[in-house]
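*Asks:* In this note's numbering, the protein residues as written are 222 to 455.
Treat the hints as calculated values from the structure; they're not laboratory data.
Possibly wrong hints are sitting among the right ones.
To be verified - Taking lysine-lysine and the BS3-like style, the derived pairs with C-alpha atoms no more than 27 Å apart in a straight line are:
hint, residue 1, residue 2
1, K369, K394
2, K394, K335
3, K270, K369
4, K394, K224
Just so we're clear, the structure is a prediction, and the values are computed from it rather than from any experiment.
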Amino acid sequence: MRKPTPTSLFIYALAITVLAFAFKDIRQLAVIGLVNGFLGIYLGLRRYKWIILLLLLSAWGTFLNALAVSNTGPTLYQFGPITIKEGAIHATIAITLRLTSIAGAALIFFALTKPRDIIRYLESELRIPKGISFAIAYAIRLFPLMQKDYREIQIARMERGFRKTPLSPSDIKSILLPLLSLGYERAIWVGIAAELRGFRLRETRKRKPIFGIPEAFILTLLLLQVILALAPYM
Numbered sequence: 222m223r224k225p226t227p228t229s230l231f232i233y234a235l236a237i238t239v240l241a242f243a244f245k246d247i248r249q250l251a252v253i254g255l256v257n258g259f260l261g262i263y264l265g266l267r268r269y270k271w272i273i274l275l276l277l278l279s280a281w282g283t284f285l286n287a288l289a290v291s292n293t294g295p296t297l298y299q300f301g302p303i304t305i306k307e308g309a310i311h312a313t314i315a316i317t318l319r320l321t322s323i324a325g326a327a328l329i330f331f332a333l334t335k336p337r338d339i340i341r342y343l344e345s346e347l348r349i350p351k352g353i354s355f356a357i358a359y360a361i362r363l364f365p366l367m368q369k370d371y372r373e374i375q376i377a378r379m380e381r382g383f384r385k386t387p388l389s390p391s392d393i394k395s396i397l398l399p400l401l402s403l404g405y406e407r408a409i410w411v412g413i414a415a416e417l418r419g420f421r422l423r424e425t426r427k428r429k430p431i432f433g434i435p436e437a438f439i440l441t442l443l444l445l446q447v448i449l450a451l452a453p454y455m
């Protein structure tokens with residue numbers, strides 16, 4: 222059986238992202254978070270391990286932020302001067318489930334598509350401007366390079382006597398800033414190279430979207446998540 226088209230996977234990832242921000246109840250977020258998190262990790266574990274690591278780091282950062290902003294309600298834990306209240310735990314779980322659902326849907330999209338196919342399908346079937354399609358495809362091509370950069374940053378940290386795995390906010394900052402700087406620099410030169418090759422003058426062929434068994438499976442998976450999330454309120 223062939224893989225779902227990039228168009229159907231893009232719509233699925235976009236729909237999950239909208240649901241992640243629309244749902245407020247933790248039970249609703251748990252449905253889309255667990256389903257997409259499991260599928261995303263299963264499909265993207267080999268190629269996109271660093272995204273999963275960043276998701277774990279973001280959960281830790283979310284917890285620290287919740288302690289500072291949402292630490293209200295009954296006290297649940299007391300560790301010396303640190304008091305953890307119900308509001309901090311609730312906010313951490315809710316935001317982590319949102320991030321898990323979005324990252325999981327993105328991993329599904331990335332693992333089942335190729336950058337060249339993304340540009341062709343999104344332009345021809347969804348009529349998305351070529352600049353946006355190119356940016357999405359470039360982001361997928363960028364992930365393996367960022368994973369390589371991440372390993373090099375880890376080696377540099379170890380040579381300077383720092384921890385290989387970031388634990389504190391300063392550790393996370395020392396990794397994210399070089400990654401973002403390198404990604405920005407690459408994006409500039411890739412854009413220049415694309416313009417020199419006449420990307421703006423390239424014509425787009427329009428065609429009808431393909432809908433078969435793989436696309437029906439993706440649609441069914443999306444509808445099942447919506448039904449399960451809304452079932453307690455029906």
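*Asks:* All the hints need checking, so say for each whether the structure fits it.
*Replies:* Status of the hints after comparison with the structure:
no.	hint	in the structure
1	K369 with K394	holds, 18 Å
2	K394 with K335	violated, 31 Å
3	K270 with K369	holds, 11 Å
4	K394 with K224	violated, 38 Å
When held up to the earlier numbered hints, the structure conflicts with 2, 4 and fits the remainder.
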